[in-house]
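Those protein sequence lines, which keep their order, are chains Z and S.
Heads up, the numbering used here is the position in the first sequence plus 14, with the first residue counted as 1.
Heads up, the numbering used here is the position in the second sequence plus 14, with the first residue counted as 1.
Take these hints with a grain of salt, some might be off.
Computed from the model, here is a short list of chain S residues facing chain Z with C-beta under 10 angstroms [stated by the list, open to error]:
1. R20
2. T21
3. G25
4. S33
5. Y35
6. E36
7. Q127
8. G163
9. K174
10. V183
Everything labelled a hint here was simulated from the structure, so no lab data went into it.
Note that the structure is a prediction, hence the values are computed from the model and not measured.
Glycine residues also receive a C-beta, built at the ideal position from the N, C-alpha and C atoms.
There are 2 protein chains.
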Amino acid sequence: MTLDVRTMCLGALSEAEASGYELQKNFKEGPLAHFLEASYGSIYPALTRLTEEGLVTCSEQTQEGRPDKKVYSITPQGQDALEVALRALPAEDRFRSEFLFFMSFSELMDAGQVSRLIDDRINTVLGKQAILEESNREDLTPGQKFVLGYGHAMMKASLKYLQDNRHLVEVPQMRPAPAQKNNGITSPSLNQDQ
Amino acid sequence: MTLDVRTMCLGALSEAEASGYELQKNFKEGPLAHFLEASYGSIYPALTRLTEEGLVTCSEQTQEGRPDKKVYSITPQGQDALEVALRALPAEDRFRSEFLFFMSFSELMDAGQVSRLIDDRINTVLGKQAILEESNREDLTPGQKFVLGYGHAMMKASLKYLQDNRHLVEVPQMRPAPAQKNNGITSPSLNQDQ
DNA sequence: GCTTCCATGTAATAGGTTACATGATTTG
DNA sequence: CAAATCATGTAACCTATTACATGGAAGC
């Protein structure tokens, strides 16, 4: 089984009823933001399908000063389906990083580009960290807190690694360079903790 | 630009010539294993396309005792294309974790399942760590070492977090209701396989 | 006045996985 | 003797992204 948008929506609706628009926002800014993401183009069809299958119901709400809203709620069958799904074994994570791919070819880039890439990366991680911190409220379930903490730990580790090891790819390689002191290239061993 | 299998293959071939079969193995077991993965169904068509575009060339090699092999090498145009691609801004990481999704609903699972999930996760991370350690050879480029070290740091942080915080989801939550009867509603379950 | 937020949806497209099809050889 | 490894490829399928289409209200 793969974690698809349909299951993501069902899970989110088991926490609270919401519209498609709100779901997208929750994925993007909620406590699970670091590993969930979905576009409207996948959310709306998913909700239609869940409704057809009887796992959620929809009630249209007219609002003043705002567009109409379709609020979806989970049904008992939906809750059941979610709990059944939760008994299976989770599939492996899907992680694909263009940043790391680029970095693995740092010798093919000039120093400026490499540094820029790392700076950008640090900034995006800081941004994501801020999002997680904002969504850390008291009303989160233990599970959500656990997951949020996990994301936070990963980002902290990421920042630390980038800061501590950027010199490995920023030190100009094979240059007929003049005397540059401080050639502190530490052997990039895997197990360097401190 | 998105990191597609075609670009992954081109990058790998810029390091060394290889067959499609070898590329898959390299993705799965090499120093970039933690964020690259591709099936044969995507690699072989990608190689065909790269050849058509003149970015790689192919030479068939007959082997004794083994099936014939198609060894692909990068062309100057291919090397050029790779370096051009490297000047762009990398797209955001794609990360989707079914494990974390499950954990965020830990209250809906029984304690045994939660513990099993965490144990399994620890074991898979340990397995991936072993793969990375095995691929840590001296002939890696600085970029590859940097990326491999990054993966290693992430896994270490992951293990530490799991071990230090599993109690957050393993402590039994105050459940009001004792016996939940299992009503056998044949609900249209989510992706029931097996 | 421009941009962002609210709000829903469809269609074209891209990109990938899984299963299928084939088959010799080596390892346990 | 069964399983894994080596080796390539296609076809059916699935899922998700992007762009398109629409439009009022609120904030800057």
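Against the structure, the hints:
1. R20: 12 angstroms, violated
2. T21: 8 angstroms, holds
3. G25: 6 angstroms, holds
4. S33: 21 angstroms, violated
5. Y35: 21 angstroms, violated
6. E36: Violated, about 17 angstroms.
7. Q127: Since the shortest Cβ distance to chain Z is 7 angstroms, the answer is holds.
8. G163: 6 angstroms, holds
9. K174: At about 7 angstroms, which falls below the 10 angstroms cut-off, the nearest Cβ of chain Z leaves the hint on K174(S) intact, so it holds.
10. V183: Hint on V183(S): holds, closest Cβ of chain Z at ~5 angstroms, below 10 angstroms.
When held up to the earlier numbered hints, the structure conflicts with 1, 4, 5 and 6 and fits the remainder.
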